[in-house]
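With the hints as your guide, set chain B onto chain A.
These protein sequences, in sequence, are chains A and B. All the letters of the first sequence, read from the start, carry residue numbers 1 to 375 under the numbering used here. All the letters of the second sequence, read from the start, carry residue numbers 1 to 298 under the numbering used here.
In case anyone wonders, no lab produced these hints; they're calculated from the structure. Treat the numbers as computed from the prediction; the structure is a model and nothing was measured. Virtual Cβ for every residue (Gly too), placed ideally from N, Cα, C. Any given hint could turn out to be false.
Stated by the list, open to error - Stretch-level coverage of chain B by chain A, calculated; a stretch enters the list once three of its residues show a Cβ under 8 Å from a Cβ in chain A:
id, region
1, 81 to 95
2, 102 to 113
3, 222 to 236
4, 272 to 283
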Amino acid sequence: MNDKTDNKAIADPNFHSNPNFHSNLNFHSKLFQSKLRKNTRLDGVIVFKIVTLSVALVAFGYYTPRFTNDYSMMIMNVSLINFIAALGLSVMLGMGGQLSFAAVSFMGVGAYFVANLTNGRLGVIWEPVPALAGAVMFAAFTAWICGSVLFRLSGTYFTFATIGLVQVTWSVYLNYRVLCGGPDGVSGIPVIRFLGMSPRSYHDWFYILLGFVLVAGFLVERVRKSRLGRSLASIRDNEIAAQTLGVNIYRTKIIAFTIAGALSGLSGGLYAMHSQFISSDLFTFDMATTYVIMTMLGGVNNTIGVFVGSILVTMLPEWLRPVQRYLKLSYGVGVILLMIFMPMGLAGLGNAMLKKASRKLSKNSRVKPDADVLE
Amino acid sequence: MQGLKILLQPNVFMQLTINGVAMGMIYTLMAMGLILLIRAIGVMNFAQGELLMLGAFITWGLTYQVKLPFVLMVPAAMLCFALVGVIFMFVVYWPLRTASYPTATVISTMGAAMVIREIATITWGSLPLVSAPLIKGVIRVGSLRLQYQYLLTIVIGAVLIFLVFVLFEKLYAGKIMQAAAQDKYAAELLGIPTILTTAVTYIIVVTLASIGGYMIAPVFLVNVTLGTLQLRAFAGVVTGGFGSVKGAIVGSLVIGLVESYSSTFTTTYKDAVVFLVLIVVLLFRPQGLFGERVADKA
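Just chain A, with the same shape it has in the complex:
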């Protein structure tokens, strides 16, 4: 369409009752076409995304166990477990804009729950699967209680309260002998068992964890598209505006915190069964910052980005073993550089490139890509 008709349509309020209406039919049909084209292009993008994702997933699931030895497989499994916890953080930070360090606290809740109920320390022996489900529910419940207390604070105050929570829970995990084994940790946790089957090696574990990862990722994607996700995004973008529009801020935040807690609990429970030993080292403030970095590295509001981020951060020490001495140094430098050059993480970079490519591909696309900050 040319710009003259466009201007006329805007300038003339009686445009449709204009006697020359039929001469503008061309304009309407073109408008319709362009809309149609945009829709099909979007559909194309979605199909493209789904196909790429499934191919990548199948390739990842098929090739990773074949080219890795037992040890690397274990690290890979840990990175999948980390991804589940980082997903919870992406619900809090990416969708809701609330920086929370509490993921490790609820991981600990889940892990010690599974550990104590399955290894018979307390006189009861649960089946692993019900114990895992219980751990998720218990972690979610704990998160709900903590959330309803902590969300009386907002912004930075909330962040600091979560740091306090991490310190308190870490101190308990380190010192409370009855449930947490004190500094020795808890050992002798049985592996997961379902219908009489249990994984025999880390390679078997890989597929089980991949299943959990898929379910968790799918759930979080659903949350993002749902009413809750939109409420969270509105809180992130402008809390006061969200409140004016009728979003119950306190309740929404608590629900997000509970979801994050449930995911962390699941991750902690899986970790306990996977490595069969847990100790308080896993739930320190340093680990909490590592989770935040994982989430930020991949792209804070992008599930695939968080996936890449958690794999990168967990695997990096293994890949860079030859330069171990300078590993953490380069890691820190990398974090700073990343924040300077692409604060939206790898996913932000990918999205920008994708948009550029699609702009080039659609020659006369006049639709300017959305200038979304976070997506």
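What follows is chain B alone, placed relative to chain A:
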């Protein structure tokens, strides 16, 4: 109850109070830096504890490796602190000042913390290093045994707090810095060189934290784990209230005293007690004891 009985013995109480105030002074030095940075750039600095640790290492290196006498060591250390401050500013803050996503700045300070810790580990190794106290020995008052190091920490902390107050409340330069911190744009219109004031703020922050590191070195040994003390400084800042330097001082002293007193009740859960206090204070007075609401970026 046993703990309370021990705590209420007068000389135990006095001893713990002195120790608590001394530790509180160290937290205050970090907390004041945090507040100054919040005022100047509006972002929490997660590398504050690492700056303290670096200060301890630099002074140790100058004293025991370069073997400078105390009189020369002090100016040399000051020079190093200023250099660290300027480098820190240009690496962590300057490229990010226009970042569209404020959490990015916080994450980059976490990255900086990691870098500083690793540089210290690579340069000085991960074993704890022993540093002699400035004045050795203890002073006896009745049945009290007070270490000179603690008393000195209190004195030096008080002097530094006084100097910061004089700078920001009384001197013209401090007013300029405050103006630049409150509204960068307006300050630039008035011809205030904000880059200079920000750099000076960073230098002051690093110097305060580093002196804290120097004072604490004989007590805790010079060690990379000194960085974890920053969590107490955070607790102090939040307890006192974000906006005010006064609040940071009182909050940090409260945290130091709570930590000290709680040692008669429990030694294992000392961390938990401090942070429980923090959470309780936040719940009943979310703006902190001396709180004034400030617009927070992160």
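Going through the earlier hints one by one, which of them does the structure break, listed in rising order?
No numbers; nothing is violated.
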